[in-house]
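For this one, chain F is given, so just place chain B on it according to the hints.
Protein sequences appear in the order of chains F and B. With our numbering, letter number 172 in the first sequence gets 172, and the count goes up by one each step, no holes. With our numbering, letter number 24 in the second sequence gets 24, and the count goes up by one each step, no holes.
If you're looking for bench data, these hints aren't it; they were derived computationally from the structure. Do not take every clue at face value.
What the hints assert, rightly or not - For each label pair, taking beta carbons as the anchor points, the in silico distance ranges come out as: (1) 13/B to 188/F: 50 to 60 angstroms; (2) 164/F to 28/B: 26 to 36 angstroms; (3) 67/F to 24/B: 22 to 32 angstroms; (4) 83/F to 2/B: 47 to 57 angstroms.
From a predicted model like this one, the values you see are computed outputs, not experimental measurements. The beta carbon of each residue, even a glycine, is placed where N, CA and C say it ideally should be.
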Amino acid sequence: MTKSLGKVTTLLALWTFLHSCAHRPSFQLEKTYRKDLRFIDSSGTHEGISIADIKDRHQFRLLFREKPRLVKIRSCHREIVYENPGKTLDFSYSPEAGLEDEIEPCFLEFASFTKEGYNQTALVDFRRDESLEATLTCNGERTTNQGVSICQTREGLLQRLEFSEPVSADGLASCPKLTGKSLTFIFPVSIGICLYYFYDGTSFHKLVTFGYDDVLEVIGD
Amino acid sequence: MINLITSILGIAATVFQFFTRKSKQKEDLERLYKEALDKYDSERKDHEELRKEVETIKERLKTDS
Numbered sequence: 001m002t003k004s005l006g007k008v009t010t011l012l013a014l015w016t017f018l019h020s021c022a023h024r025p026s027f028q029l030e031k032t033y034r035k036d037l038r039f040i041d042s043s044g045t046h047e048g049i050s051i052a053d054i055k056d057r058h059q060f061r062l063l064f065r066e067k068p069r070l071v072k073i074r075s076c077h078r079e080i081v082y083e084n085p086g087k088t089l090d091f092s093y094s095p096e097a098g099l100e101d102e103i104e105p106c107f108l109e110f111a112s113f114t115k116e117g118y119n120q121t122a123l124v125d126f127r128r129d130e131s132l133e134a135t136l137t138c139n140g141e142r143t144t145n146q147g148v149s150i151c152q153t154r155e156g157l158l159q160r161l162e163f164s165e166p167v168s169a170d171g172l173a174s175c176p177k178l179t180g181k182s183l184t185f186i187f188p189v190s191i192g193i194c195l196y197y198f199y200d201g202t203s204f205h206k207l208v209t210f211g212y213d214d215v216l217e218v219i220g221d
Numbered sequence: 001m002i003n004l005i006t007s008i009l010g011i012a013a014t015v016f017q018f019f020t021r022k023s024k025q026k027e028d029l030e031r032l033y034k035e036a037l038d039k040y041d042s043e044r045k046d047h048e049e050l051r052k053e054v055e056t057i058k059e060r061l062k063t064d065s
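Chain F extracted, bound-state conformation (with noise of 0.2 angstroms):
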């Protein structure tokens, strides 16, 4: 008798132990990780970042990794709140006329909070009136885009945005510098969003990017 609880307790200790081991998130508050959620559009399946053509409806399919517990989606203009939606979320976008269609810049913001704090994000973008083509070389694949580029990589790693004639260029304040006249930028990215313009005198090209300081993992998967 006293053998047999003598076991019982050594298994009870031992089913304690590992149930004080199992899914100890890794997420960091201080950090901003790379935007690794998973979304469907009429154009593919996206990881983090994408360029979308303005129009009058979207259709997203977001899959999480995890069941989150709470979902935030933030334009300009609105936030919608989804709570335990499971492991997908089907989503309809209507940009409002007058606002989210013209506000320039406009994102749409994707994010998912587990039970854990264990956050995926996702960050879409619109091409409206740009045209400008150039040829992007972002974290090692390289991409000819029309009017809008998006790029995201870890913080200070260069980046390359090529035209076919030499074009002026700007962005915001907080952003690494990107000015002059050229037909090709080479540039680090900060951390966060930035946002630059080029312009050869006609037509505007936008360069979005998001540079991470970590990527998530999850202990336990």
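Only chain B this time, still in chain F's reference frame:
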């Protein structure tokens, strides 16, 4: 008899420790969740300021070209 009592007390202590730890963990997670939300909300850009700055940049580029 003493061994039996010791074992029962051991089990009770382990169960108590488990629930105490669970409760502390739950409190910590709730705090982390609220802090994560607060941090996200505090990072909100001033949209009006941003809009004005972008307008200025675009105007400056047009003027300079």
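TODO: Given the hint of 22 to 32 angstroms, check if residue 67/F and residue 24/B actually sit that far apart at their C-beta atoms.
DONE: Roughly 23 angstroms apart at Cβ, these two residues keep to the hinted range, so it holds.
TODO: Please test the hint of 47 to 57 angstroms on the beta carbon pair from residue 83/F and residue 2/B.
DONE: Because 54 angstroms falls inside the window, the suggested range holds.
Open item on the list: Within 50 to 60 angstroms: is that where the Cβ-Cβ distance between residue 13/B and residue 188/F falls?
Closed with: Given range 50 to 60 angstroms: holds, Cβ gap about 57 angstroms.
- [ ] Confirm or reject the claim that residue 164/F and residue 28/B have a C-beta distance inside 26 to 36 angstroms.
- [x] violated, 55 angstroms
Of the numbered hints listed earlier, the single one contradicted by the structure is hint 2.
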